[in-house]
Amino acid sequence: MNYEQLTPGYEFPPTSYELSASLISKYMQAIDGRVNGFVPPLAITACAIATMAGSISLPPGTVAIHASQDLEFFKAVPIGATVECHIRVSQKIARGKMGMLILQLEILDQGKEKVQAGKATIALPTEERDA
Amino acid sequence: MLSDIREGMALPPVVKQITQEKINLYAEASGDFNPIHVDESFAANTPFGGTIAHGMLNLAYVSEMMASVFGQDWSSSGRLRAKFKEVARPGDTLTINSTVNSIEDRDGVSYADCSFEVRNQKDEVVVAGEATAKLSRGQK
Numbered sequence: 087m088n089y090e091q092l093t094p095g096y097e098f099p100p101t102s103y104e105l106s107a108s109l110i111s112k113y114m115q116a117i118d119g120r121v122n123g124f125v126p127p128l129a130i131t132a133c134a135i136a137t138m139a140g141s142i143s144l145p146p147g148t149v150a151i152h153a154s155q156d157l158e159f160f161k162a163v164p165i166g167a168t169v170e171c172h173i174r175v176s177q178k179i180a181r182g183k184m185g186m187l188i189l190q191l192e193i194l195d196q197g198k199e200k201v202q203a204g205k206a207t208i209a210l211p212t213e214e215r216d217a
Numbered sequence: 031m032l033s034d035i036r037e038g039m040a041l042p043p044v045v046k047q048i049t050q051e052k053i054n055l056y057a058e059a060s061g062d063f064n065p066i067h068v069d070e071s072f073a074a075n076t077p078f079g080g081t082i083a084h085g086m087l088n089l090a091y092v093s094e095m096m097a098s099v100f101g102q103d104w105s106s107s108g109r110l111r112a113k114f115k116e117v118a119r120p121g122d123t124l125t126i127n128s129t130v131n132s133i134e135d136r137d138g139v140s141y142a143d144c145s146f147e148v149r150n151q152k153d154e155v156v157v158a159g160e161a162t163a164k165l166s167r168g169q170k
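Going line by line, the protein sequences match chains A and B. When you line the first sequence up against this note's numbering, it's residues 87 to 217, in that order. When you line the second sequence up against this note's numbering, it's residues 31 to 170, in that order.
For the record, the hints were derived by calculation from the structure and aren't laboratory data. All values reported here derive from a predicted model rather than from experimental measurement. Keep in mind that the hints are not guaranteed to be accurate.
[Claimed, not checked] Subject to a maximum C-alpha distance of 25 Å in a straight line, what follows is the list of computed PhoX-like cross-link-like pairs (lysine-lysine):
hint, chain 1, residue 1, chain 2, residue 2
1, B, K115, A, K205
2, B, K152, B, K52
3, A, K205, B, K113
4, B, K152, B, K115
5, B, K152, A, K183
6, B, K113, A, K183
7, B, K113, B, K52
8, A, K178, B, K115
9, B, K113, B, K152
10, B, K115, B, K52
11, A, K112, A, K178
12, A, K178, B, K113
13, B, K152, A, K112
14, A, K161, B, K113
15, A, K112, A, K161
16, A, K161, A, K198
17, A, K178, A, K205
18, A, K161, A, K200
19, A, K183, A, K205
Using the sequences and the accompanying hints, generate a full structural model.
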């Protein structure tokens, strides 16, 4: 999937991932945090965004930048749970040499209950593609 | 203590060191191996001139601070709005400050509306935004 193929309304294939103890342990080491039996909500978001970002191929040398993030949390998730992530392109904006992708994300638990929802804005230079 | 939360008060600041080791661990945990974060030779040839921390890593410190103050309710009812304004690099020291701007009652539940800033050692704002967390009922 390249940037040009991402149009408003496009939905990335849903992805599921297990928030295992080893994964959360690494996450907590990275952020100097303390494990309390539940998954830090931003660990869930991070996995979702990484999965999405990994599925977009950008031109060589292009760097995508996370510009903003809105999130609302609905439910704490225990370590070991599996969550399902849904991401949809809601807007695509061209601003000069920059492109902005606005993505809506929704994360559900195994019971299909909403765990968190939010919006991410990803900025990337378009100059290389124009050249 | 949640009962001590009042309008206008500053939450205890948090100071964090960014290291390449933490960035690498974060990449492993999140699955985000974008070379701008983990490949020093690639990153050296970008406008950043070197590796940078994931924006979500910088924001994670804010979430941890909110969780430490507001407890489990943060994970089940918190709200976060953030703008990433500057990159953080290995060797940077980030200081996270937050202030309780207001406490509002909504449907019998009190919520603390906070603003936050993550600044580096050069006093540049790396991340800024607002966070809302639930307090106990009727607290103001």
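Verification of the supplied hints:
Restraint check for K115 (chain B) and K205 (chain A): the C-alpha separation of about 17 Å stays at or below 25 Å, so the hint holds. Of the supplied pair hints, the one linking K152 (chain B) and K52 (chain B) holds, its CA atoms being roughly 21 Å apart against a limit of 25 Å. With a CA separation close to 12 Å, the supplied pair K205 (chain A) and K113 (chain B) stays within the 25 Å bound. Taken as a hint, the K152 (chain B) and K115 (chain B) pair is honoured in the structure, with Cα atoms around 14 Å apart against an allowance of 25 Å.
Taken as a hint, the K152 (chain B) and K183 (chain A) pair is broken in the structure, with Cα atoms around 29 Å apart against an allowance of 25 Å. Taking the CA atoms of K113 (chain B) and K183 (chain A), the gap is about 20 Å. The hint holds against a cut of 25 Å. The straight-line distance between the Cα atoms of K113 (chain B) and K52 (chain B) is roughly 22 Å, inside the 25 Å bound, and the hint therefore holds. Between K178 (chain A) and K115 (chain B) the CA atoms are separated by roughly 20 Å; this keeps the pair inside 25 Å, and the hint holds.
Taken as a hint, the K113 (chain B) and K152 (chain B) pair is honoured in the structure, with Cα atoms around 18 Å apart against an allowance of 25 Å. Distance restraint check for K115 (chain B) and K52 (chain B): the Cα-Cα separation of roughly 21 Å lies within the 25 Å cut-off, and the hinted pair is therefore satisfied. At most 25 Å may separate the alpha-carbon atoms for a hinted pair to count; K112 (chain A) and K178 (chain A) exceed this at roughly 34 Å. Distance hint between K178 (chain A) and K113 (chain B) is fulfilled; the C-alpha atoms sit about 18 Å from each other, no more than 25 Å.
Among the hinted pairs, K152 (chain B) with K112 (chain A) is inconsistent with the structure: their alpha-carbon atoms are about 29 Å apart, more than 25 Å. The suggested pairing of K161 (chain A) with K113 (chain B) holds, with an alpha-carbon distance near 24 Å, which does not exceed 25 Å. Simply put, K112 (chain A) and K161 (chain A) have alpha-carbon atoms about 22 Å apart, close enough for the 25 Å limit, and the pair holds. Only pairs whose Cα atoms come within 25 Å are accepted, and K161 (chain A) paired with K198 (chain A) is accepted, the gap being roughly 12 Å.
Between K178 (chain A) and K205 (chain A) the alpha-carbon distance is near 13 Å, which keeps this suggested pair within the 25 Å criterion. Annotation: proposed proximity of K161 (chain A) to K200 (chain A) holds, straight-line Cα distance about 7 Å (limit 25 Å). Under the criterion of a C-alpha separation no larger than 25 Å, the hint pairing K183 (chain A) with K205 (chain A) is consistent with the structure, at around 22 Å.
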